[in-house]
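Number of protein chains: 2
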Amino acid sequence: MPRDKAAGFAFTVTHTRGNARCGRIRTPHGVIETPAFMPVGTRATVKGLSPAQLRDTHTQIVLANTYHLMLRPGSEVVAHFGGLHKFMGWDGPILTDSGGFQVFSLADLRRLDDDGVEFRSHIDGAAIHLSPESSIKTQNELGADIIMAFDECPPLPAEGAAIMAAVRRTAAWAKRSRAAHTRPEQALYGIVQGGLDVSLRRECLERLVEIGFEGYAVGGLSVGEPPAEMYALLDEFTHELPAERPRYLMGVGRPLDLVRGIAAGIDQFDCVLPTRNGRKAYAFTSQGVLRMRNQCHQLADEPLDPACACYTCANFSRGYLRHLCMSGELLGSTLISLHNIAFYQDLMRQARTALESDEFDTWRAAFSDSPASCRCEEPT
Amino acid sequence: MPRDKAAGFAFTVTHTRGNARCGRIRTPHGVIETPAFMPVGTRATVKGLSPAQLRDTHTQIVLANTYHLMLRPGSEVVAHFGGLHKFMGWDGPILTDSGGFQVFSLADLRRLDDDGVEFRSHIDGAAIHLSPESSIKTQNELGADIIMAFDECPPLPAEGAAIMAAVRRTAAWAKRSRAAHTRPEQALYGIVQGGLDVSLRRECLERLVEIGFEGYAVGGLSVGEPPAEMYALLDEFTHELPAERPRYLMGVGRPLDLVRGIAAGIDQFDCVLPTRNGRKAYAFTSQGVLRMRNQCHQLADEPLDPACACYTCANFSRGYLRHLCMSGELLGSTLISLHNIAFYQDLMRQARTALESDEFDTWRAAFSDSPASCRCEEPT
Chain Z
1 MPRDKAAGFA FTVTHTRGNA RCGRIRTPHG VIETPAFMPV GTRATVKGLS
51 PAQLRDTHTQ IVLANTYHLM LRPGSEVVAH FGGLHKFMGW DGPILTDSGG
101 FQVFSLADLR RLDDDGVEFR SHIDGAAIHL SPESSIKTQN ELGADIIMAF
151 DECPPLPAEG AAIMAAVRRT AAWAKRSRAA HTRPEQALYG IVQGGLDVSL
201 RRECLERLVE IGFEGYAVGG LSVGEPPAEM YALLDEFTHE LPAERPRYLM
251 GVGRPLDLVR GIAAGIDQFD CVLPTRNGRK AYAFTSQGVL RMRNQCHQLA
301 DEPLDPACAC YTCANFSRGY LRHLCMSGEL LGSTLISLHN IAFYQDLMRQ
351 ARTALESDEF DTWRAAFSDS PASCRCEEPT
Chain Y
1001 MPRDKAAGFA FTVTHTRGNA RCGRIRTPHG VIETPAFMPV GTRATVKGLS
1051 PAQLRDTHTQ IVLANTYHLM LRPGSEVVAH FGGLHKFMGW DGPILTDSGG
1101 FQVFSLADLR RLDDDGVEFR SHIDGAAIHL SPESSIKTQN ELGADIIMAF
1151 DECPPLPAEG AAIMAAVRRT AAWAKRSRAA HTRPEQALYG IVQGGLDVSL
1201 RRECLERLVE IGFEGYAVGG LSVGEPPAEM YALLDEFTHE LPAERPRYLM
1251 GVGRPLDLVR GIAAGIDQFD CVLPTRNGRK AYAFTSQGVL RMRNQCHQLA
1301 DEPLDPACAC YTCANFSRGY LRHLCMSGEL LGSTLISLHN IAFYQDLMRQ
1351 ARTALESDEF DTWRAAFSDS PASCRCEEPT
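From first to last, the protein sequence lines are chains Z and Y.
Note that my numbering numbers the first sequence so that position 55 is 55, with each residue one more than the last.
Just remember that my numbering sits 1000 ahead of the position in the second sequence, which is counted from 1.
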């Protein structure tokens, strides 16, 4: 196993239960306790929240999107300000993705070949080329603590040949990503593709491990397949990822998905659900998902979640939050997003505590049967 | 002079300089240092700011709009939650207006007579009747520390006969407002109308003083007339308002207008400019108004205002704020609104300090000549 190449980066597993584990990732901007949830700060801001409000949710690490930031304001602008941490006023750890996922999902894709992708910006139609080299250069300029290899992420369902081609291209691009990476203080994670085919996942992982990364991500899930198929792949495959490296499940998911991921051995998650649903006036709570525009909340005195200690729940009634949502007030988005992130962070804290105290199986069973698993939230 | 009728309400002038003065208003929810600026929380939220963020701007009192709250969520809903303070999570002083101004400016007015006004809601077209009695009942339910008599506010320019009719109706409605008021812990202010005609203003004031109010407001200014005409009226008339009662200039204004108002003897101001301009990406600063979408800010490392200590200026560059504005991110509105309110509050603090240290004339002259007077901000 190649040793860690990133200065100031280390991962320690402190407790395990079956495939699940908890631990700590050390980065140049502080420690992340795992399992960890990373709110999405697409354009160098978690939508609607100040860094101080984000800190109040007990968030330890934020994700930012390379694709969006390279288009606006441009990574060279962020670099001018000394990198993302200084630019956005967040002094904790940051992870940037590679841009690949957004190129395949948002952009007007013009050409895809072994060299990279050519696409048109969704903002102004400008023609842009993205390759392993340019993605890593951009991420080097953004300066996050953890950066991602450039990968090809096909939506599911996909034909076997398409998945296989994506795996081979992803492995080749991973090698070029590693070679292009110039900043030793940034940890570089490889991304395993392979769809729902375990043997393709294994082939991809084997080639990534030969190259050597500080962490390994499972990409290409939660892209259209039924949850049960994602769970089956995670259960069968996750524990094969190197145990001494952080494992990151990209773009997942609902509360129940996170707990399933933790049970399978995942350490890091990111997802837009807490903020996107917050802006749509949906709140995750220990009693299930609340649709805050519903008439039933008009005279409700209680907080969103009596079990929650966040700023929103400590200070505001459901009735007030409903009023803000019905009136289209910005503060409604902010306060519900803040609560939703705090709910996700508290879920991670509960999982860590259960692992530390050898009660993970009991906790997981109780959680999965409870309304807190939020099975019924609005699909996105 | 009738004595104060509101329990827990008192006004003390501590320093004067010419017509200008500073002092303190005591209310059931705390002390307001005057001259005071009241940010506008139209629908029980100062747009984009949490109560904690608002407190950070050194705001001492917030204004909320009776018209908007009676339409949505309804004053009976707010009363169910124990009144505005508990509903919106703001434990400091609150003032509600009477609804009159919005009826005349926003609603589809159907009938105006001595009894009151009938209008159609701008939300759903519902027919609604508002009178001195129903305005005061609504304000009693909302439960602010300071409430306003129901008045007729004609836009300027207006014919003399229209102004005179509004004065007489306003005086009659003031008497009915006083009689309808049932909650002794709420101070009731009368509103002086009369356009730019000092003799009509005097006539209105005389009739209000006969009734007796805890404070006196100058209404019907900043409604279309040139600033110089407003200043002339203020200079000639303000000092005739009872010296031992707070004087409130409604809906004004730009930084320079506030300083002119203070010099004329005003103690309280409210205006939507700091938040409305914040949402439009205009920042008030000691260097003048900054248009934050301008290309010139793209690489600007400095804060909005190097002379400002607010959360925004302590943590973010102009370049980052421009990025947020260009990207349409909610956080841009929040951070610039927060700064703009802090700028207004700091202006009030400077005025109070200058009055306390007998340097008001010097301070006022220096301010009026400086870019901080923000003469050139976007008109609203």
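Keep in mind that a hint or two might mislead.
Simulated DEER-style distance windows between Cβ atoms [claimed, not checked]:
| no. | chain 1 | residue 1 | chain 2 | residue 2 | range |
| --- | --- | --- | --- | --- | --- |
| 1 | Y | Asp1091 | Z | Glu229 | 38 to 44 Å |
| 2 | Y | Ala1162 | Z | Leu299 | 56 to 62 Å |
| 3 | Z | Ala126 | Y | Pro1226 | 55 to 61 Å |
Anything over 10 Å on all C-beta distances counts as not near chain Z; from chain Y, calculated [claimed, not checked]:
| no. | residue |
| --- | --- |
| 4 | Pro1051 |
| 5 | Ser1105 |
| 6 | Thr1182 |
| 7 | Arg1291 |
| 8 | Asp1301 |
| 9 | Tyr1320 |
| 10 | Glu1329 |
| 11 | Trp1363 |
| 12 | Asp1369 |
Because the hints were derived from the structure by calculation, they are not lab data.
Beta carbons: idealized from backbone N, C-alpha and C, even for Gly.
TODO: Could you let me know if the closest chain Z CB is still more than 10 Å away from the CB of Y:Glu1329?
DONE: violated, 5 Å
Open item on the list: Verify this label for me: Y:Tyr1320 is non-interface relative to chain Z, using a Cβ-Cβ cutoff of 10 Å.
Closed with: violated, 5 Å
Open item on the list: Confirm or reject: Y:Ser1105 is not an interface residue toward chain Z, with every Cβ-Cβ distance exceeding 10 Å.
Closed with: holds, 19 Å
Open item on the list: The hint says 55 to 61 Å between Z:Ala126 and Y:Pro1226; measuring C-beta to C-beta, is that right?
Closed with: violated, 47 Å
Open item on the list: Over 10 Å from every CB of chain Z: does Y:Arg1291 meet that, or does the non-interface label fail?
Closed with: Non-interface label stands for Y:Arg1291: nearest chain Z Cβ at 17 Å, farther than 10 Å.
Task: 10 Å Cβ clearance of Y:Asp1369 from chain Z - done: Non-interface label stands for Y:Asp1369: nearest chain Z Cβ at 34 Å, farther than 10 Å.
Task: Pairwise beta carbon distance, Y:Asp1091 to Z:Glu229, judged against the given window 38 to 44 Å - done: violated, 52 Å
Task: Consistency of the no-contact label for Y:Pro1051, given chain Z and a CB cut of 10 Å - done: violated, 7 Å
TODO: Compute the least Cβ-Cβ separation between Y:Asp1301 and chain Z, then decide whether it is above 10 Å.
DONE: violated, 7 Å
- [ ] Could you check the hint for me, namely that Y:Ala1162 and Z:Leu299 are 56 to 62 Å apart, CB to CB?
- [x] violated, 43 Å
Open item on the list: So Y:Trp1363 supposedly isn't at the interface. Is its beta-carbon more than 10 Å from every beta-carbon in chain Z?
Closed with: holds, 33 Å
- [ ] Examine each Cβ of chain Z, and state whether all of them lie more than 10 Å from the Cβ of Y:Thr1182.
- [x] holds, 23 Å
Checked against the numbered hints above, the structure breaks hints 1, 2, 3, 4, 8, 9, 10 and satisfies the rest.
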